[in-house]
Amino acid sequence: MNTYQKEIARFYDIIVHGQKEAEAGESELEFVEWAFQDVCSRKVNQIMDVGCGNGRFLIPLARKGYTVTGLDINQYMLEECSKRLKKQKLQADLIQKDLETMDFDSEYDALLCMDSVICYFLESERIINVLRTFRRALNPQGILIVENWNMPAHRELCEEAHVHRYTDEDIEIKWQEHDWYETFTSIFHIEVKGTILEKGEICTFHHEEILRAMTVGEMNMYLKEAGFTECSAYPSYDLSEAANVNGDSMIFLSAG
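Last residue of the sequence shown: 401 in the numbering used here, with the numbers rising by one and none dropped.
What the hints contain is simulated information worked out from the structure, not anything from laboratory work.
Beta carbons: idealized from backbone N, C-alpha and C, even for Gly.
Any given hint could be a false lead.
As the list claims (entries may be wrong) - Listed next, with one range per pair, are the computed distances between beta-carbon atoms:
no.	residue 1	residue 2	range
1	E252	T374	39 to 45 Å
2	V184	R271	25 to 31 Å
3	G163	Q233	17 to 23 Å
4	W325	E375	35 to 41 Å
5	E224	L267	23 to 29 Å
6	V361	V308	28 to 34 Å
7	E245	R310	33 to 39 Å
All chains should be modelled from the sequences, with the hints used to inform the complete structure.
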């Protein structure tokens, strides 16, 4: 998995979500809590958020009173998450570790893997092995929630480079994003280049990501191969739009 530059970690939410200190939206949190309460067979208290990044899901879940542990490979993202937790007087354990080497045994009622984190593993065998580590980390009857971006539904993003600009009283960020999709290998490339003007100083950044696009069928197959028994998929966080097969996301709920 790529290691973000420190600048990317600080301004990741602006570049990806278009706002400072982005948090999961109301519909996302309602879906997650619906899964905890109506799908999971046990009471959910202990949650692990793998690939937690700056805390987009971790922070609002901690605010709701859950005991949350965040795991991420990148120290800069965890440092930013820690700052935001302290700013809001919230508590969560943060662990710097790779998903492939995490080793937990029946410690969590729910495990979240959001924002296409699983897609950074390009080979099927690695995906299955990571899902197995997730299953081991869950308590009996615990629930896994995986969210992948529906990349094939957004191939129009690959047609040309997109230029973006963000300004406020403290900072100006300009960047260009170029995406391309390899149809034969189902690999999605993201390249971001830009400049940050802050306190009269300019720094440049260049960031690349490579992700594996997966269909619902593929992901369900990997989940079952990893030992998950009950698997269901949703194309949107809005349950009333369950017939919308071209939603922005693919959300998977699985029981161990």
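Here is how each hint holds up against the structure:
In this structure, E252 and T374 break the distance hint of 39 to 45 Å, their C-beta atoms being roughly 20 Å apart. In this structure, V184 and R271 meet the distance hint of 25 to 31 Å, their C-beta atoms being roughly 27 Å apart. Separated by about 21 Å at the C-beta atoms, G163 and Q233 satisfy the suggested range of 17 to 23 Å. Judged by the Cβ atoms, the range 35 to 41 Å given for W325 and E375 holds: they are separated by roughly 36 Å.
Between E224 and L267 the beta carbon distance is about 27 Å. The supplied range of 23 to 29 Å therefore holds. Take V361 and V308: their Cβ atoms lie about 33 Å apart, and the range 28 to 34 Å holds. Roughly 37 Å separates the CB atoms of E245 and R310, a value that falls within the hinted 33 to 39 Å.
Checked against the numbered hints above, the structure breaks only hint 1 and satisfies the rest.
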